[in-house]
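S.K.: Sequence:
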Amino acid sequence: MVLEKVAFYWLVCLAIVAVLLGVLRLLITLSGAQRRRRGFAGLHRDQQGSVQSLSFVMTLPVFIMIMMGIIQIGQIMLAKVVVEYAAITSTRAATVWMSQYTFTQGQDGQTDQRSQTEQRNCIGGKNVTLNRSDSTYRIPTETIENSSKGMRIALAAQLACLPICPSRWPAADEPSLSGTYQKTHAILVKAYKAMAGEKNTAPQEAISKRLKNKLAYSLANTQIEIEMEHPENDPSFRRYDHAYQVNRAYYLSQNQGGVSINTIPLPACPGSSAGECGGDVYYAPGYSQEALAFLPNQVGWQDRITITVRHHLALLPGPGKLLSKFVHGDAGTRSIGEMVGQREGNKETEQDSTLYTWPLVAKASTINEGELSILRYEQFFIRDP
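For the sequence shown, our numbering assigns the number 23 to the initial residue and increments by one for each residue that follows.
Warning: the hint list may mix true and false statements.
[Said to hold, decoys possible] Computed cross-link-like contacts, DSSO-like style, restricted to lysine-lysine with a CA-CA straight-line distance of at most 30 angstroms:
| # | residue 1 | residue 2 |
| --- | --- | --- |
| 1 | K221 | K231 |
| 2 | K102 | K212 |
| 3 | K231 | K343 |
| 4 | K205 | K385 |
In short, the hints are calculated from the structure, not lab data.
All figures in this text were calculated on a predicted structure; none of them were measured in a lab.
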């Protein structure tokens with residue numbers, strides 16, 4: 023819990039107050055001042071000389087630090103709710119994108135190699151050397167970044183974290199966005215303008231810059247991990263076959279005599295009078311046996327999808343730095359030069375300054391949307407220039 027983590031911060035504040043009281047006691051002793059019990063009751067009404075100014079100067083910094091600490095803790099609690107929502111949106115996006123067949127237009131108008139690795143109910147690059155007893159695998163971050171589906175699943179979480187991202191870019195230079203994210207930025211500006219309406223008096227350039235800074239910060243500081251859990255009552259990864267992907271109950275009903283999987287007829291097509299699905303319906307023309315072939319990065323139609331969202335929340339100056347160092351140590355700091363270098367491909371572009379953050383983690387799980395569809399859903403992407 024956040025309150026448990028910040029308890030040490032409040033102990034530090036109390037220690038600072040105790041030290042200040044000790045210093046005040048020492049100053050009184052050195053000054054040789056004598057206690058006047060009769061005038062002590064009216065001290066708070068004394069507004070003459072420098073008494074009021076002295077009390078103001080001594081108490082205001084401590085008061086501001088405590089108030090900023092309270093505000094910072096409130097922001098962390100609100101950000102925790104936002105990150106939980108981001109995990110839910112990313113998980114929902116995963117269930118939608120898993121069943122899609124994605125392909126990207128190449129230079130000659132043909133599909134490129136990346137689209138061939140992400141057919142229906144496929145994502146990333148699952149290890150084909152898994153043992154039969156393994157029931158869980160994780161998709162590496164580098165695979166997600168190179169996956170058309172993974173990028174959009176991650177983007178769902180990154181867009182959900184925009185409200186808690188700073189509108190001021192922490193680096194000296196302006197952030198840069200790739201072609202795909204430039205389109206996302208343009209859509210955000212258009213949506214904001216439509217929601218704000220004619221009452222919005224802020225300059226268009228200022229709104230565009232703030233949204234761009236938020237998007238760039240979220241892209242650099244929000245990562246996801248995708249984990250698939252295979253049901254124990256389904257066949258292992260090595261034995262996973264098309265009959266289970268089509269309909270496991272149908273396969274079991276037809277396998278009473280222990281016949282081979284390949285000899286079992288395919289189920290009838292919905293809305294068709296044919297006894298079984300023909301090649302022109304069961305798989306798309308030009309992709310022979312696409313639906314029947316098991317792929318190493320295939321996701322089962324009953325696999326549990328768990329997505330972990332990690333976001334580095336930017337903290338306020340002052341108590342935010344103390345809060346991050348006391349609670350998280352080095353885990354709560356990020357190098358601005360490294361962060362910008364990761365986006366631009368050059369780690370020497372920025373000075374080695376530090377950004378103090380509060381790491382937030384949230385998880386959400388769901389089940390894959392269902393069986394492999396008879397007619398595939400295609401999503402067309404234009405290659406970035």
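S.K.: Indicate, hint by hint, whether the structure satisfies it.
M.R.: Going down the list of hints, with the structure as the test:
About 19 angstroms separates the Cα atoms of K221 and K231, which keeps this hinted pair within 30 angstroms; it holds. The suggested pairing of K102 with K212 holds, with an alpha-carbon distance near 28 angstroms, which does not exceed 30 angstroms. Our distance criterion of 30 angstroms between C-alpha atoms is met by K231 and K343, whose separation comes to about 26 angstroms. Restraint check for K205 and K385: the C-alpha separation of about 28 angstroms stays at or below 30 angstroms, so the hint holds.
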